Each structure stands twice: as C-alpha cells, then as structure tokens.
Amino acid sequence: MTDSIYDQLNANGTVGKQRVVETFSGDSLDTDRWHTQQIVATCTFAPADSVDGGLLISTDAGGGSPSAYLSFNDVCQYNPLGFRFISTCKKGADNNVGIKAGIGSDDSSATPAHNSLMTAGSLVSYRALATKDGSTGTQTNSDVAVSSTEFVYDIVGNGSSNILSLDGVTKVTKTTNLPTAKCQPLLYIQSRSTSAVKTWNCKYMECYNT
Amino acid sequence: MVFPSVYEMTNPLTTVRKQHFWEYFSGGTLNSRWTLEQLVGGDSTLVMSDTVDGGAIFTNQSTFNRVASFHFNNKRQYDYNGSVFIWVAQRSSATSLGILLDIGLNGTTGQSSTDSILFRQYDDGSSFIGALSKSATAESTTATDVATNSNMQVLKCAVDASNAIYSINGVTKVTKTTNLPTAKMQPKIRMDNTTQTGLRTVNIRYCEAYNT
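Note that the protein sequences, when read in sequence, are chains A and B.
Final position of the first sequence in the numbering used here is 210; the numbers increase by one with none missing.
Final position of the second sequence in the numbering used here is 1212; the numbers increase by one with none missing.
With the rest of the complex left out, here is chain B (with noise of 0.2 angstroms):
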C-alpha cells in the first residue's frame, strides 16, 4: 500500500493526530531537540557514531563517579495516559558493575526522577532487564525474564490510565498496574557507573514516541 502522506500512514485526515515524533539518530551532527545533562563529571558525551547501524553513542567515561542524561529539556509533550515509547539502543557491554541504566520516558531532567516508565539496567541490582513504573515519589520494578545483554534492542512500552505494557524485541514481557506516571512526560536515557571505573556506551539507532 502506498500511502500519499506521512500524516496519512498513522491517522486518516478527519483526525487530528496527536504528539509523535521519531528520530533516526542519522546525520552529521545529532538534532538539536536533545539536550544532554552532566550529572556528575562533566564529560560524559552523546554525538553521532561512524560506524554501521551505530546510530548516536551515548558515552560515560572511564573516570570513577560519572552520570549523565540526554532529553526534550523538560518539554513534556507525552501523555502518562496514554502514549508509547520504542527506543532501538545496545549498550557496550552485556554485565558492567556499577552501571545504572534507564531508558524510556521520564517526566523531569536531573538526579531524580519523577513519574516514569523505563526500562532499567543495574547490574549491582539484577541479572534482568526490569520494568520500572513511578508515579511521583513511588516507583517499583518487576524483572523481565531477559538477562542484561549487549544486544541491540527493541524496548517499547504503552502506558495507559491503568496498564504499562513493556516488550522487548516484539514480545511482551511484563504488564504493570501500579505506580503508573501521573504527569506528562519526555523521552530520556540516563546512565550512571558511580561505584567503579570503565567507560560505558550506549549506541541509539532510533527512538519514537506519541500519544494514543
């Protein structure tokens, strides 16, 4: 089927369609709708990567104690209602002590997080990809059946008034029902290795997110 407009492939003319957006994270230089946040350091990096399928690289270096973030600075278009997130991302290596991971839609920038849906990877914490739902100041985590890895991967999460469905790779994993996000949100990763040395990567092929 050949579709004349882009508009057209996700809502038919008599609908106004709602916030979506996608990024390839292709180019020579990444789009500036991202900002990325030094945590802790100052020189954590998140630029476009030269390599096949390599996307951007997100990248904490090797120094002991370095958190950073990337995100829309606070323009929190995406619904906790009802929106989507898929993010296509791969991170350098498949068990690294001291890494906190967190990949999906957050609803503020900084060390904290408030309402959320994400994916998390801590490896201090679990051997499994968790799913990790927060509404304000309560969050909760229950663990997927997939091991921390360093493939490139699908994530996707539908979050909805009662449900935050998360899949991985197409399949679904874990349906939460409590301490969903109560306020709009942003698309952000954020990643932490303040307990030990090493650097740490993240490549970003893709990432898409709109209100249902």
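Bound-form chain A, shown alone (with noise of 0.2 angstroms):
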C-alpha cells in the first residue's frame, strides 16, 4: 500500500500533469473554483439536499431557452490533444433540457469554438459526442437513448480521436472536427421547447492531460 494519493495516479518519476476532481459535496458550490457563466436568463448551480445528489443543475421556469455553463472562467489548463474527463450525469424527468458536459476552449456562446462534449436531453435521441475544430462542429450518436438513468462517461481525446464511453463501454469514436485549442472543464445546461424548470444531476468530475 502506498501513502500517496500522486503514487496512486503517477508511474514512479513521472511527472503528474494537471488534473481536477470534483466531487460536488458541502454546502455550496466552489466559487473559488468554478465560475456561472449564464447564457440565456437564470440557471443556478446548487448542492442537492438528497442523498448521492450531488450538484443540481437548473434552469428558470421561463421562456426563451434559459441556458448556462459551470466553467473555469475560460482558465484553459486542458490539452484537447491528450486529455480525459469522467463524469456522471443523470437527467431530471423533463426530456425538453439540453445537456452538455466535457471539455471546451470557451464558455461565452452554447457551442464553444473548440470542444469536445458529451450530450444528452433533448439535443440528441440518444448519448452522443459533439466535437468542434474551431469552425466545424458535428456530432455521433451512441446507440444508448437518452433517459433519466444516472450513467457514467470518460471521453478520451489524444489528437487523433475523441472516444466517449458510456458506463465503461466504448460508444462512440470520433475523428473528425476534434478540437485542438486549450480547453476548460464545462457544464452546460440548456431549457428547450417548453417553459419549466429543468434541471439534471453531477455528483463527479475529473478531468486530466494524458
């Protein structure tokens, strides 16, 4: 056994790359941390008060798409070329939400210049991976449909793909329009079609150059 949590993730004499783990417990978000950049109206970034809540993200009950990211305030410490981000997600009862989570070189528009983002909601009839080069974006479903059940997923990037795995399996693998500026962790969260309060779930992030 060994003491270190660096010996656990680094070979020895390795120099361990930067890496973020969020765990998304306490009382409030980290300000400190992470930053809400809202797009269309109000969206919040909350605690939940339930057990294995995690964070809950929501939108305004209003009209007009209210959308928001949970960012790095556009610190891109990410290489899109050599990077991994694992999190979980699980989608409120409201289908009519998009949902966006990976890794992106901005938070200030709904699709970043350069990202990489697993999607889910309303967006897509099933998980998928978006990715953007900087001018092109697209987009390759999973063959798993969207539902509410909580799920885990790694996207992979290295330069020459972008791989997403949903609950450990490899769904989709993506070769095309792959982002390549540097990149920030991003949350997104977006109301569609109708006016309510929608809202999905993160109990997990972490994110790593390779």
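Everything labelled a hint here was simulated from the structure, so no lab data went into it.
Remember, predicted model here, so these are calculated numbers, not experimental data.
Each hint should be verified, as a subset may be incorrect.
[Claimed, not checked] Straight-line Cα separation of at most 25 angstroms, SDA-like style, residue types lysine to any residue; simulated pairs:
1) A:LYS182 with B:THR1010
2) A:LYS174 with B:THR1014
3) A:LYS17 with B:LEU1013
4) A:LYS171 with B:THR1014
5) A:LYS171 with B:VAL1016
6) A:LYS171 with B:THR1015
7) A:LYS171 with B:GLY1027
8) A:LYS171 with B:TYR1024
9) A:LYS171 with B:MET1009
10) A:LYS171 with B:PRO1004
11) A:LYS17 with B:LEU1046
12) A:LYS174 with B:LEU1013
13) B:LYS1176 with A:SER65
14) A:LYS174 with B:ASN1151
15) A:LYS171 with B:TRP1022
16) A:LYS171 with B:SER1113
17) A:LYS174 with B:GLU1008
18) A:LYS174 with A:ASP94
19) A:LYS174 with B:THR1108
20) A:LYS171 with B:GLU1008
21) A:LYS171 with B:LYS1176
22) A:LYS17 with A:PHE72
23) A:LYS17 with B:ASN1011
24) A:LYS17 with B:PHE1003
25) A:LYS17 with B:LYS1176
26) A:LYS171 with B:SER1005
27) A:LYS174 with B:GLN1111
28) A:LYS182 with A:VAL21
29) A:LYS171 with A:VAL75
30) A:LYS182 with A:VAL75
31) A:LYS17 with B:TYR1024
32) A:LYS17 with B:SER1113
33) A:LYS174 with B:THR1010
34) A:LYS174 with B:PRO1012
35) A:LYS174 with B:THR1015
36) A:LYS174 with B:SER1026
37) B:LYS1176 with B:SER1092
38) A:LYS17 with B:MET1009
39) A:LYS174 with B:PRO1004
40) A:LYS17 with A:ASP7
Using the hints, put the two standalone chains together into the complex.
Here it is as structure tokens:
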C-alpha cells in the first residue's frame, strides 16, 4: 500500500500533469474554482439536499431557452490533444432539456469554438459525442437512448480521435472536427421547447491531461 | 499499482459511483463547502491552522457558555442505509469539564440533533469516548474502551440497515444495532462548553464520507 495519492496516479519518476477532481459535496458550490456563465436568463448550480444528489443544475421556469455553463471562467489548462474527462450525469424527468459536458475553449456561447462534449437530453435522441475544431462542429450518436438513468461517461482525446465511453463501454469514436485549442471543463444546461424548470445532476467530475 | 484516474481508485468505469467526498483542510482559507453555525455565544471560529499537521482549527472561546458546529448546512447527501465517515481530529485537552464534542454524520443543523452516527466525548458524563446513534428522536450511546484523550485519532463509522460499526485508529470498538439513523445525513462536528469557562479547540486534519 502506498501513502501517496500522487504515487497511485503517476508512475515512479513521472511528472504528473494537470488534473482536477470535484466531488460536488458540501453546503455550497466551490466558487473559488467554478464560474457560472449565464447564456440566456438564469440558471443555477447548487448542491442537492438528497442522497447521492451531488450538484443540481437547474434552469429557471422562463421561456426563451434559459441556458448556462459551469466553467473555469475561461482558464484553460487542458490539452485537447491529450486529455480525459470523467463525470456522471442524471437527467431530470423533463425531457425538454439540453445537456452538454466535457471540455471547451470558451463559455460565451452555446457551442464553444473548440470542444469535446457528451450531449444528452432533447438535443439528441441518443447520448452522443459532439466535437468542434474551431470552425466546424459535428456530432455522432451512441446506441444508448436518452433517459433519466444515471450513467458514468468518459471522453478520451489524443489528437487523432476523441472516444466517448458510457458506463465503461466504448460507444463513439470521432476522428473529424476535433478540438485543438486549450480547453476547460464545462457543464451546460439549456431549457428547450417548454417553459418550465429543467434539471440534471452531476456528482463527480475529473479532468486531466495525459 | 498506478490508477489512470481518481475515479478508478474506488470504482470501475462500469459502475456509477455514489456520493463520495474528502477534505484535507489544507490551504489558505477554509473551503466554502463548510458552514460554521454559531449556536450560543456567536464568537466561535473555524479557520486554517498555521501549524505542521494542524489542518483546520475549530475554537470555542474561553468565555462561559459557547456552542457551535460546522456542517454542510443541511445538504444531506449521505445515506443512513449505507454510508461511511472518517474524521481525523484532535481535541485540545484530554479532559475538560463542561465540554461535549460530537464528531460524525448528522441529519440536521441547530441545537438538537436528529438522525445521526457519531463519536461523543462528554467529559461530564464519561471517561471514555462514546459511540452514539440516533434514529429521529431515540438515541443511545455505547462506551468504547478508549479514554477521552487529546491525541490526533482516526474516527470511522460504517452504517447500513442493520449495524453501525465504530472504529478508532483502525480497531473496531463498538457495533450498534439499535437506534440507527433513518434519514439522510451530512458531516458535522459540534462542540459545547456551556457549563465551564476555558478555551476549547479541535484540530481537524481530514474528513471523508461516502455512500456504500
């Protein structure tokens, strides 16, 4: 047994690369780390008072597609040519919601210029991987239908491909329109189609360079 | 063994991990996940300690009648039916008449506790550290064989639907089967020195909680 977390994550003699781990547990969101970027109207990011609730991400009840990011305020430390993003997602009961999470180069628009994002909700019929290379964005669906079942996903990028796995099973491999600019972790919500509060929960996020 | 991710230290990627957090109490300021609640007096403090291995230091002032706690302000993500807490903590003196110190998971803020599992040091009541569990309103305490002390120690409790198992420094001390909690809980430390004057402190170096 080793006493060191560092030694459990990095081989002996290896200089560890940038990594962040967020457990979303506590009385409030760590706003020293996280930045809320409202895109339309008002969304909230707050700890859930429920067992295994983690972070509750909510839109307001208004129309006009309220949407927002949780980001690092455009502090971009992650390399799209060698990264991994691991997180959990539990969509709320209302299907009229757009969910994206992964890495992106900015938080100022619904689609960052460079990104690699798991997508779910009514943006897609199936959980999917969306990427954008600075100008062109494309999306590839998995074979897993969107639902409110909680799942773990990871996105691995190495410069030649971005791979999305769902619950430990590889589902999408994308080789086109991959991001190339430095990125930050992003969690995104958008209310779609109807005027009502939309939600999803995230209880873990880890991002690191490889 | 080298793990590729922190996630995979405790869960394979085929499993959605349950709520799990840990806190090192190291840095310039206390993480904003904690709420300090002044219960009596209003001048208790919880700040980082500028000492080797000091973690954070929770202080009740020497003035008579002080009670305070810190917790997640009723963001209760830990399951009475299956969770574990680990606190590494040290009180300021081995005995101090008038102190009541509770360390564990608790279902509420405020003066009264509800559903909880915790270690209790109550110098007016016992010479030994107690293992307390509470189901809504009914509570009971079983004494461990560890005398109240001022050592930094590892306090761990695992609870499920039928047992709460309390260990100190890696050795199981008490297994309780009655008055187990029946509602969601949060990490919490409460310190009460209502009956005597005197500065009371607790250093907290680590806290971890997770659902099983």
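The hints, checked one at a time:
no.	hint	in the structure
1	A:LYS182 with B:THR1010	29 angstroms, violated
2	A:LYS174 with B:THR1014	21 angstroms, holds
3	A:LYS17 with B:LEU1013	21 angstroms, holds
4	A:LYS171 with B:THR1014	13 angstroms, holds
5	A:LYS171 with B:VAL1016	16 angstroms, holds
6	A:LYS171 with B:THR1015	16 angstroms, holds
7	A:LYS171 with B:GLY1027	40 angstroms, violated
8	A:LYS171 with B:TYR1024	36 angstroms, violated
9	A:LYS171 with B:MET1009	23 angstroms, holds
10	A:LYS171 with B:PRO1004	20 angstroms, holds
11	A:LYS17 with B:LEU1046	33 angstroms, violated
12	A:LYS174 with B:LEU1013	20 angstroms, holds
13	B:LYS1176 with A:SER65	52 angstroms, violated
14	A:LYS174 with B:ASN1151	55 angstroms, violated
15	A:LYS171 with B:TRP1022	31 angstroms, violated
16	A:LYS171 with B:SER1113	47 angstroms, violated
17	A:LYS174 with B:GLU1008	24 angstroms, holds
18	A:LYS174 with A:ASP94	29 angstroms, violated
19	A:LYS174 with B:THR1108	48 angstroms, violated
20	A:LYS171 with B:GLU1008	19 angstroms, holds
21	A:LYS171 with B:LYS1176	46 angstroms, violated
22	A:LYS17 with A:PHE72	18 angstroms, holds
23	A:LYS17 with B:ASN1011	22 angstroms, holds
24	A:LYS17 with B:PHE1003	14 angstroms, holds
25	A:LYS17 with B:LYS1176	45 angstroms, violated
26	A:LYS171 with B:SER1005	20 angstroms, holds
27	A:LYS174 with B:GLN1111	56 angstroms, violated
28	A:LYS182 with A:VAL21	18 angstroms, holds
29	A:LYS171 with A:VAL75	30 angstroms, violated
30	A:LYS182 with A:VAL75	9 angstroms, holds
31	A:LYS17 with B:TYR1024	21 angstroms, holds
32	A:LYS17 with B:SER1113	44 angstroms, violated
33	A:LYS174 with B:THR1010	29 angstroms, violated
34	A:LYS174 with B:PRO1012	24 angstroms, holds
35	A:LYS174 with B:THR1015	24 angstroms, holds
36	A:LYS174 with B:SER1026	40 angstroms, violated
37	B:LYS1176 with B:SER1092	28 angstroms, violated
38	A:LYS17 with B:MET1009	18 angstroms, holds
39	A:LYS174 with B:PRO1004	22 angstroms, holds
40	A:LYS17 with A:ASP7	13 angstroms, holds
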